[in-house]
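Colleague: One letter stands for each residue in the lines below.
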Amino acid sequence: MKVESINKQAIMKSITKMVIEKDMVRSFIKGKTSLETLTKKGIKFAEPL
Amino acid sequence: MPSPYNYYFDKGSKTYNFTTKNSTEYKMAFIVDEKFSAISGLEINNIYQVIIEKVSDEIEKFDGLVAETIKNIIKVFFENSENVMIYICNDFDKKAISRFNAFERWYWNSDMTNYISKIDNVIKFNLPDNQIQIIYTSLLFHKDNANKETIIEIYNTIEEILNNDK
Chain C
1 MKVESINKQA
11 IMKSITKMVI
21 EKDMVRSFIK
31 GKTSLETLTK
41 KGIKFAEPL
Chain U
1001 MPSPYNYYFD
1011 KGSKTYNFTT
1021 KNSTEYKMAF
1031 IVDEKFSAIS
1041 GLEINNIYQV
1051 IIEKVSDEIE
1061 KFDGLVAETI
1071 KNIIKVFFEN
1081 SENVMIYICN
1091 DFDKKAISRF
1101 NAFERWYWNS
1111 DMTNYISKID
1121 NVIKFNLPDN
1131 QIQIIYTSLL
1141 FHKDNANKET
1151 IIEIYNTIEE
1161 ILNNDK
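As they're listed, the protein sequences go chains C and U. Each residue of the first sequence is one higher than the last, beginning at 1 in our numbering. Each residue of the second sequence is one higher than the last, beginning at 1001 in our numbering.
Some hints could be false.
What the hints assert, rightly or not - From chain U, some residues computed to sit far from chain C (all C-beta separations above 10 Å):
| # | residue |
| --- | --- |
| 1 | N1006 |
| 2 | K1035 |
| 3 | E1053 |
| 4 | N1090 |
| 5 | S1117 |
| 6 | I1161 |
Said to hold, decoys possible - DSBU-like cross-link-like pairs, simulated, lysine-lysine; straight-line CA separation at most 30 Å:
| # | chain 1 | residue 1 | chain 2 | residue 2 |
| --- | --- | --- | --- | --- |
| 7 | U | K1035 | C | K13 |
| 8 | C | K13 | U | K1061 |
| 9 | U | K1021 | C | K41 |
Everything labelled a hint here was simulated from the structure, so no lab data went into it. No experiment lies behind these values; they were computed from the predicted model shown. Positions of the beta carbon are idealized from the N, C-alpha and C atoms, including for glycine.
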């Protein structure tokens, strides 16, 4: 399987989004952001255990 | 060795929770990450970003059982060998590098090195005001993961592009 051409801007955007998502989940855990807000932002929680 | 704390999945907050002997509550969330697939053009499932956080901001005395409990949760997570974990170090208090180094020590001192691979990526961003932001990331996957070669290829390609195409 070969990785297709990866665009640098797409990488930067994705990594920035990951950092933002992490900050939002931290805020949620501390009770400062609602689960609804996270859901609206497309953050999906999982139960992988 | 003392037993780690008991944890449970809270369906309301959708997090794995445990409380320490000092009544400090920790929550651990796994969020689905689809960006790996988006930037590579390949569909890879079971990738999660992990977030571990204390509910309160109070400073807690060192408690070795916290790390043991987190390790226990991670071990269970990797009972599914197709699961992949992304860990991004917080830098809200400018201590990202300390967390990154602590995670490194924690990994190498665990028995998980036998069956879990960890690859790191330190990403430097040029911000609009010409400041440089550094993001410390680690990716963990099971050595039996069917997609491991693709995952490594994607991660290495990302690192190569970010480091060479300035």
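Colleague: Against the structure shown, which of the earlier numbered hints fail to hold, in ascending order?
Modeller: Hints 2, 3, 4, 6, 8 and 9 are the ones this structure does not satisfy, whereas the remaining hints hold.
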